[in-house]
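If you read the sequences in order, they're chains A and B. For the first sequence, the residue numbers in our numbering are 1 to 182. For the second sequence, the residue numbers in our numbering are 1 to 330.
Derived by calculation from the structure, the hints in this document are not laboratory data. The structure presented is a predicted model; accordingly, all values stated were derived computationally and were not measured. C-beta atoms are modelled at their ideal positions from N, C-alpha and C, and glycine is treated no differently. Heads up, some of the hints might be wrong.
Ranges of calculated distance between the beta carbons of each label pair, as one might list FRET restraints [what the hints assert, rightly or not]:
id: 1; chain 1: A; residue 1: Pro-82; chain 2: B; residue 2: His-20; range: 43 to 53 angstroms
id: 2; chain 1: B; residue 1: Leu-195; chain 2: A; residue 2: Ser-147; range: 37 to 47 angstroms
id: 3; chain 1: A; residue 1: Glu-163; chain 2: B; residue 2: Phe-45; range: 20 to 30 angstroms
id: 4; chain 1: B; residue 1: Trp-296; chain 2: A; residue 2: Ser-111; range: 45 to 55 angstroms
id: 5; chain 1: B; residue 1: Pro-48; chain 2: A; residue 2: Leu-156; range: 43 to 53 angstroms
id: 6; chain 1: A; residue 1: Gly-22; chain 2: B; residue 2: Ser-231; range: 53 to 63 angstroms
id: 7; chain 1: B; residue 1: Glu-63; chain 2: A; residue 2: Leu-9; range: 33 to 43 angstroms
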Amino acid sequence: MKRHWRKGLINVLLLIYLVLVGIDSLPIGWGRLKESTEVVLEKAGLWQGGWALFAPNPDKVNASLSAGVEYADGTFQPWHSPDWQELTPWQKMREFRHMEFYDDIRLDRYSDAWPSFARYLSRDLTSESGAAPVAVQLTRHWHEIQSPVTEEGVSLFFLPFGEPPAPGQFGYPFHLEEISAP
Amino acid sequence: MIGSGLDIRTILSAWNRFFHSERDLSICCVLRVVYALLLLVNLAFLAPDVGKWFGPEGVLSLEASRKIIDSDLWSLFHFLPDTTATVWICFALFVVQAVLLLLGVLPRLQALCVFIWLCSFQHRNIILFDGEDVLFRVMAFLLIWMPIGARLSWHSWRRSRNGEPPLEVIRPVWPLRLMQLQMTLIYGASVVEKLKGTDWVQGTALYYVSRLDDLWGRFPIPGFVAGWFDSLTALAWMGWGVLFAEAFVAAGLWIKQTRLLALLVAVGIHLSLDYFMNLFLFQWLMITGLIVFTNWRLPTKAGRVETTGADPSKADDSLEPRADESARMA
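Could you build all of it, start to finish, from the sequences and the hints given here?
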């Protein structure tokens, strides 16, 4: 009898888990149902949020990040995220988390993280003269990978393989953080 | 009755057969070992920058990190003092518990703790993590329910040394089924997501992927292979091949006649992607997850596939119901 109840309980829990994960991960328009199941999965630490691996369309932007720290004595120190093409396979693996971070923090949905990141840079990049930092400007750079085909055939913008375009085509300062004296 | 002879009893029987038939689950112990090794590699790469990624003086303050995540997500760091020492102590405990999971010391408890640590660190700096980390977290959760300490563990070694019989591995299959369904979900959802866009259907997707400066380009590519990436026709066929292969793997893993081929195709895809692309441990974690579709059984030290307390004839190695069960159902 005890085993029967145990099996029944497992079945109920299995059903609940599978339904919740299915709604969370299957790319079907679940509407408001998805919003309500998200709460449960997030509280349980079991959210998955879909498995869109290079989908529905791959990224078409090579992006990078730069910053400039201005100091009280008027000096300026630049910083730039790594040029990934210059790194060896080992370095790329070692720096993978940096790649993730610098690729994503520039996105508007993480704008609340920009002041914190700018302040980190102001602490990390010290002035040679020892002057205190007064402002940090964050700039994003990107290069759009345009469609390789047009209605007439191969596009003029077809990029040969092996030399990915560096993200210097466009640049845009997206955050200025003023650092007050401690 | 639901139409064409499909009644509720048939559905319940199929459900019970699928989730509650018994089989040798010693493969879960292999899954535990490989998973723990990958987790330790993951932690080793995080270790030099723990303060930078998670500390109060790092790139993302605790306050900012709470602003950029949903309010329903939790982290132990939300309840602990916001100091560098706290972060390092938590990270050290995480490493110790990953090692204990590898060694099989109270492994299900370690899996639970690893799950909590993964939630805590991932939600502390969500910007840092991607799908691979979601899979790390979900796999830790699923390991909690598996008999992962029965073989290749400190417990099994100690029992063997004391002359005690090995722990039971003939168990209801549902924990393994959850892992199998999870892997299928990833492949299946990936295909459906790709079909919702235009680039994979038109055949230009791999053109864009192969021009990304961060993720693409890991090891040297032979000249004749590089030529394929300059041909839009070859790129289109390779892209459609990926779509077809993922769809085939999602379905083929469940059919006895195609399972081996599906496993080979899946492993081939992941190894190729790992050669061409820098996606850290994602491909290796996917290959690890595929272990649950194999029928390997771990022998005990005596070289036998032993069972205790259960009738060995109940062991069901296949993914399908046993013949006698099917006959009974009929």
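Right, here's what the structure says about each hint:
no. : hint                                         : result
1   : Pro-82(A) to His-20(B): 43 to 53 angstroms   : 52 angstroms, holds
2   : Leu-195(B) to Ser-147(A): 37 to 47 angstroms : 19 angstroms, violated
3   : Glu-163(A) to Phe-45(B): 20 to 30 angstroms  : 28 angstroms, holds
4   : Trp-296(B) to Ser-111(A): 45 to 55 angstroms : 49 angstroms, holds
5   : Pro-48(B) to Leu-156(A): 43 to 53 angstroms  : 45 angstroms, holds
6   : Gly-22(A) to Ser-231(B): 53 to 63 angstroms  : 39 angstroms, violated
7   : Glu-63(B) to Leu-9(A): 33 to 43 angstroms    : 41 angstroms, holds
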